[in-house]
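Trainee: Sequence:
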Amino acid sequence: MAKTSKKNKPLRDKLVEAASYNLEEALDILFEHKSEKFTESVDVSINLGVDPSKSDQNVRGASNLPHGTGRSYKVAVFAEGEEAKSALEAGADKVGMEDLADEMKSGEIDYDVIVATPDTMKVVSPLGQILGPKGLMPNPKSETVTKDVSGAVKNAKAGQVRFKSDKQGIVHCRIGQITQSKEEIKSNLQYLLSDLKKSKPPSSKGVFISKVSMSSTMGPGLEIDISSLNF
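Okay, so the sequence shown: first residue is 0 according to numbering that gives the first Met the number 0, each after it adds one.
Please note: incorrect hints may appear among the correct ones.
Below, a list of computed lysine-lysine pairs in the DSS-like style, where the Cα atoms sit at most 25 Å apart [what the hints assert, rightly or not]: (1) Lys163 with Lys133; (2) Lys156 with Lys133; (3) Lys33 with Lys210; (4) Lys153 with Lys185; (5) Lys121 with Lys133; (6) Lys93 with Lys146; (7) Lys210 with Lys140; (8) Lys185 with Lys156; (9) Lys73 with Lys153; (10) Lys146 with Lys133; (11) Lys84 with Lys140; (12) Lys196 with Lys156; (13) Lys153 with Lys210; (14) Lys53 with Lys185; (15) Lys104 with Lys73; (16) Lys185 with Lys197; (17) Lys163 with Lys199; (18) Lys140 with Lys153.
Between beta-carbon pairs, the in silico distance windows are [said to hold, decoys possible]: (19) Ala18 with Lys84: 46 to 56 Å; (20) Ser52 with Met96: 32 to 42 Å; (21) Lys196 with Asp118: 25 to 35 Å; (22) Met96 with Glu35: 45 to 55 Å; (23) Phe30 with Glu97: 44 to 54 Å.
The set of hints was computed from the structure by calculation and includes no laboratory data.
Beta carbons: idealized from backbone N, C-alpha and C, even for Gly.
Working from the sequences, and respecting the hints, build out all of it.
Mentor: Here is the structure:
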């Protein structure tokens, strides 16, 4: 969440009086105080009932938001033969093998999503230390290691978001931008929460989604009353 500007300070002083907001109220506030200088993204932070220190409680996955995120994505694919052809036909920005790996080893990683077929992981695996910290390492759970490269590319281009819990057990995710309608952002959030719920580890007990906060790039962080959400 961005630092509060002088313009928004009265808003921040007003907001601290409320503990949480229903989803409609939160969206009204973000839209009412949106920036006139640039297009802001709308992001959520979701606290999960997991123990991050336990590897079997790490949460990751993907969600096909029905209205996308409002931005375009560059997709690279590790594939050969017919699968490489399918990836290009689906709109991949770059398809390759060792040549693509060498490009990434040199530090040239101008991609938002990287997809790989299972049989190319022998080339991709050595890139783990480079791609992992950037959140770009292909993984079956996030549907980026797959034989269906055409579907993966199309989903990525359409705004599929990938989520992963951090060291505090929190998922941070973009769900749209302020130029989209409130209903579109609302629908995107509900889809994300539903897909996130399906990713609950069997060893996680009790309440899984314990807190949801929403913010825009320059706006305040607003805790959402979970009872106002349907998932």
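Trainee: Quick check: which numbered hints come out false for this structure?
Mentor: Of the numbered hints given earlier, those the structure breaks are 13, 14, listed in rising order.
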